[in-house]
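First to last, the sequence lines map onto chains P and U. Residues 22 to 136, numbered by the working numbering, are exactly what the first sequence covers, in order. Residues 30 to 141, numbered by the working numbering, are exactly what the second sequence covers, in order.
In case anyone wonders, no lab produced these hints; they're calculated from the structure. Where hints are given, some of them may not hold.
[Claimed, not checked] Below, a list of computed lysine-lysine pairs in the DSBU-like style, where the Cα atoms sit at most 35 Å apart:
#, chain 1, residue 1, chain 2, residue 2
1, U, LYS89, P, LYS51
2, P, LYS51, U, LYS97
3, P, LYS73, U, LYS81
4, U, LYS106, P, LYS73
5, U, LYS140, P, LYS73
6, P, LYS51, U, LYS140
Chain by chain, the residues:
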Amino acid sequence: DAGVTQSPTHLIKTRGQHVTLRCSPISGHKSVSWYQQVLGQGPQFIFQYYEKEERGRGNFPDRFSARQFPNYSSELNVNALLLGDSALYLCASSFFLEGEYNEQFFGPGTRLTVL
Amino acid sequence: GDSVTQMEGPVTLSEEACLTINCTYTATGYPSLFWYVQYPGEGLQLLLKATKADDKGSNKGFEATYRKETTSFHLEKGSVQVSDSAVYFCALSMGSNYQLIWGAGTKLIIKP
Numbered sequence: 022d023a024g025v026t027q028s029p030t031h032l033i034k035t036r037g038q039h040v041t042l043r044c045s046p047i048s049g050h051k052s053v054s055w056y057q058q059v060l061g062q063g064p065q066f067i068f069q070y071y072e073k074e075e076r077g078r079g080n081f082p083d084r085f086s087a088r089q090f091p092n093y094s095s096e097l098n099v100n101a102l103l104l105g106d107s108a109l110y111l112c113a114s115s116f117f118l119e120g121e122y123n124e125q126f127f128g129p130g131t132r133l134t135v136l
Numbered sequence: 030g031d032s033v034t035q036m037e038g039p040v041t042l043s044e045e046a047c048l049t050i051n052c053t054y055t056a057t058g059y060p061s062l063f064w065y066v067q068y069p070g071e072g073l074q075l076l077l078k079a080t081k082a083d084d085k086g087s088n089k090g091f092e093a094t095y096r097k098e099t100t101s102f103h104l105e106k107g108s109v110q111v112s113d114s115a116v117y118f119c120a121l122s123m124g125s126n127y128q129l130i131w132g133a134g135t136k137l138i139i140k141p
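Extracted from the complex, chain P is given alone in its bound form (with noise of 0.2 Å):
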């Protein structure tokens, strides 16, 4: 079975330009959450959505943005870029099982370059 996949993998932008980044969860998993790591850095959480909605989001300025689609897929979008959105943004896809304990299962990454 397929994995969760992002794309793409890399991506070099120039600061002000708009970004819109890419992920195919794991088939089955309804909720998508997505992260930030900066080089040397965890993880930072950014978004998480189910069925579609948003379901918490992390300390992220406006510029950040995201959604859900009808086949779970998810698109983060980022607006105005910063030389400082430079990072590895993860995706993590998981079931949503409320009172149970639900795996994030994370793709490899788009590794964004802001020039």
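Add chain U to chain P, keeping to what the hints say.
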């Protein structure tokens, strides 16, 4: 707010040495605790977990015990192999569907 602190790396050991990577946490409630591993060129993988105090998670020879009294979740292995070289992340979650909060990661280098 909730946070995770883990020992800085890199940690360099010889093959068959004993490993301990320290992890402590700060949380307002009773989190679930995790160790994730990131092998070179690969994505993050769950290594082990513990969901309540005194639970011991184990996998691939690695162990970690949830210590509420010391707010710790140290990762241990009795005999490391070259193939264990990776970056190890300690993380916590305040619920079954809540965001993961991560430590900064510890790079482990095992020399033959």
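Hints, verified against the model:
1. At most 35 Å may separate the alpha-carbon atoms for a hinted pair to count; U/LYS89 and P/LYS51 meet this at roughly 29 Å.
2. Restraint check for P/LYS51 and U/LYS97: the C-alpha separation of about 32 Å stays at or below 35 Å, so the hint holds.
3. As the CA atoms of P/LYS73 and U/LYS81 are separated by approximately 31 Å, the hinted pair is consistent with the 35 Å bound.
4. Taken as a hint, the U/LYS106 and P/LYS73 pair is broken in the structure, with Cα atoms around 41 Å apart against an allowance of 35 Å.
5. For the hint pairing U/LYS140 with P/LYS73, the CA-to-CA distance comes to about 47 Å; that exceeds 35 Å, so the pair is violated.
6. Taking the CA atoms of P/LYS51 and U/LYS140, the gap is near 42 Å; set against the 35 Å cutoff, the hint is violated.
In summary, the structure is inconsistent with hints 4, 5 and 6 from the numbered list given earlier, while agreeing with the others.
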